[in-house]
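Turn these sequences into a full structure, and let the hints guide you.
Chains as they are written, first to last, in our numbering: chain A, 647 to 969; chain B, 647 to 969.
Rather than coming from a laboratory, the hints here were simulated on the basis of the structure.
Just so you know, not all the hints are guaranteed correct.
Far from chain A, some chain B residues (derived; all Cβ distances over 10 Å) [claimed, not checked]:
1. 681
2. 753
3. 781
4. 795
5. 818
Label pairs and their calculated CB-CB ranges [stated by the list, open to error]:
6. A:943 x B:682: 29 to 37 Å
7. B:877 x A:660: 53 to 61 Å
8. B:829 x A:660: 37 to 45 Å
9. A:868 x B:682: 51 to 59 Å
10. A:929 x B:943: 40 to 48 Å
11. A:852 x B:660: 49 to 57 Å
12. B:660 x A:921: 45 to 53 Å
13. A:798 x B:702: 33 to 41 Å
14. B:847 x A:847: 51 to 59 Å
15. A:938 x B:933: 28 to 36 Å
Covered by chain B, per the in silico footprint, the following chain A stretches (three or more residues, Cβ under 8 Å) [unchecked claim]:
16. 792-800
17. 816-823
18. 895-904
19. 934-942
Using N, Cα and C, we set each Cβ at its ideal position, and we do this for glycine too.
There are 2 protein chains.
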Amino acid sequence: MSDVAIGIDVGGTKALAVVVDAGGQVLDELRSGTPHEHDANPGARAAEVVADQVLELCRRQGLDFHEVPIGIGLPGLLRRDGHLAFAPNLQSASGADLGALLRESLGNLSIKVENDANCAALAEHRWGAGRGVDDFVMVTLGTGIGGGVIADGQLVRGRNGFAGEIGHMVVEAHGAPCRCGGHGCWERYASGGGLARLTTLAALGGRLPTLVARAGSAELVRGEDVTAAAGEGLAEARAVVDEMGWWLALGLSNLVAVLDTGHFVIGGGLSQVAEVFLPSTRRYLAELVEGYDDRSPISVVCSSFGGRSGATGAALVAMGNAP
Amino acid sequence: MSDVAIGIDVGGTKALAVVVDAGGQVLDELRSGTPHEHDANPGARAAEVVADQVLELCRRQGLDFHEVPIGIGLPGLLRRDGHLAFAPNLQSASGADLGALLRESLGNLSIKVENDANCAALAEHRWGAGRGVDDFVMVTLGTGIGGGVIADGQLVRGRNGFAGEIGHMVVEAHGAPCRCGGHGCWERYASGGGLARLTTLAALGGRLPTLVARAGSAELVRGEDVTAAAGEGLAEARAVVDEMGWWLALGLSNLVAVLDTGHFVIGGGLSQVAEVFLPSTRRYLAELVEGYDDRSPISVVCSSFGGRSGATGAALVAMGNAP
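Set out below in structure tokens:
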């Protein structure tokens, strides 16, 4: 096991690079914007951004960029060979092989690529909120919903390496259209993007009169306005958050049905306001899970690494001893 | 590994007991009715039925009922200690410990109990349609939908041993009520019971005029009438079967999202008419799975053991070397 590694979580709008030691401590970090999907050749541009981050962190930490283990976390369907096959929330890089581009530009052969939510699950399992838990699911609530499934202590990868695309479970047949091309996917109801959608529907439906008055029009009320107002106790906002909490519980309940999960670790941007929706989610979970009272208690907790779990897990993957 | 074992699949209306050799061959079998849920003490009555099957098969095969390994497959939430915690489709035995009752009545200590669909998955993995496949899901279509999940060559059991309750994934939020207490569970749309429900709705909605005329009233048209007529090419029946095939594909697609499953083995009573609905299911799967073309081909095949997969797998569990 290497002493330190660099992990980079490449998302739709930014890339977070961290230097992590063998105990999971983040020693340094750097954030950069990722290219817009309409840029020319966004895959190559994304690789340049990441290479610059590696060079800067190596300079600051006195590391050799040819040798330091590097792990990259990416959203979407990532083949075991490192090719990103399909990424509805990262259109910019679909089809690009960031690992290969970086191996070439940095002259570093120890670059590994893994799905971002799988990285997060591995970090939480080794060092965080899933430590010592053999059956848990990492659920990252961002633009969409990502997932990493740990069953019997092992990351479930599946046939192609695409397991954990839990945001694309259909929970409402013929429901809201999704960027993946489907309809009624869980992430259209229970992610940051889902909350934004529920917020717009509630504002247009006259169920958020105070927030619409504040924003000036229904279209301008954002999910962040709702979570902030819910935190302050505004009933109309609490109702929308409660609705999102119900949808979150519904999808978790589906995972319990399939996997008999006893523990969920919630990460991603929306987890920063988890205190406003997790109480609803926990309450609805007890209603929605089949035979809830016959099971060991099901826990739903927040990520230990917050927004750094993907990047930290990518570094763990780079260290080469993730399960 | 024992030379032979007895496996018994105890369902809502009947129990099938088989004698299986170490190569998975069924040497003998026996079917009996199981007690109605309104019988007095149905758990003890079920144990008597099964004990009688064991005694009869041992007599016929010259086996010692004190010594022969015995496995029992049961529907529903089965604790690792053998207690059946919750079984919406086998109300008769909920709460009973059939394993303990049988150990006592037969004086045989080598009795094991496992979820019926897990048994089926293990039998198909060892000897049948899932042989050599590391990531597959066994899907049993009976009154409800049972499941057994094999990931990376191992049966996924989950926290309490309840994994694989795939029929209770919610695919239609606020949908049809289910015996489990929930709403919109997959098995209300895609099992034998689901087909019966879709049939009644179609008959009442005027979409099965020929079959309603044949049966005398909408309420009397059964799922079996629809599959038979669809097999003969009747368009109105084919439409209902196609609808069921779509729902089946929707749930399989959810499993692909979570587990990246590449192979499904379909068992249970409804699989006997799989040729009428599986073509629709395979076609819809290509539409519903995220990134379908970027994956290895997904296969959906019928069980090798048909109605005997649960009982055969229970015998495998009894032999003591199931994964």
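Results for each hint:
| no. | hint | result |
| --- | --- | --- |
| 1 | 681 | holds (22 Å) |
| 2 | 753 | holds (30 Å) |
| 3 | 781 | violated (5 Å) |
| 4 | 795 | violated (7 Å) |
| 5 | 818 | violated (5 Å) |
| 6 | A:943 x B:682: 29 to 37 Å | holds (35 Å) |
| 7 | B:877 x A:660: 53 to 61 Å | holds (56 Å) |
| 8 | B:829 x A:660: 37 to 45 Å | holds (39 Å) |
| 9 | A:868 x B:682: 51 to 59 Å | holds (57 Å) |
| 10 | A:929 x B:943: 40 to 48 Å | holds (42 Å) |
| 11 | A:852 x B:660: 49 to 57 Å | holds (56 Å) |
| 12 | B:660 x A:921: 45 to 53 Å | holds (52 Å) |
| 13 | A:798 x B:702: 33 to 41 Å | holds (38 Å) |
| 14 | B:847 x A:847: 51 to 59 Å | violated (28 Å) |
| 15 | A:938 x B:933: 28 to 36 Å | holds (34 Å) |
| 16 | 792-800 | holds (count 5) |
| 17 | 816-823 | holds (count 5) |
| 18 | 895-904 | holds (count 6) |
| 19 | 934-942 | holds (count 6) |
When held up to the earlier numbered hints, the structure conflicts with 3, 4, 5 and 14 and fits the remainder.
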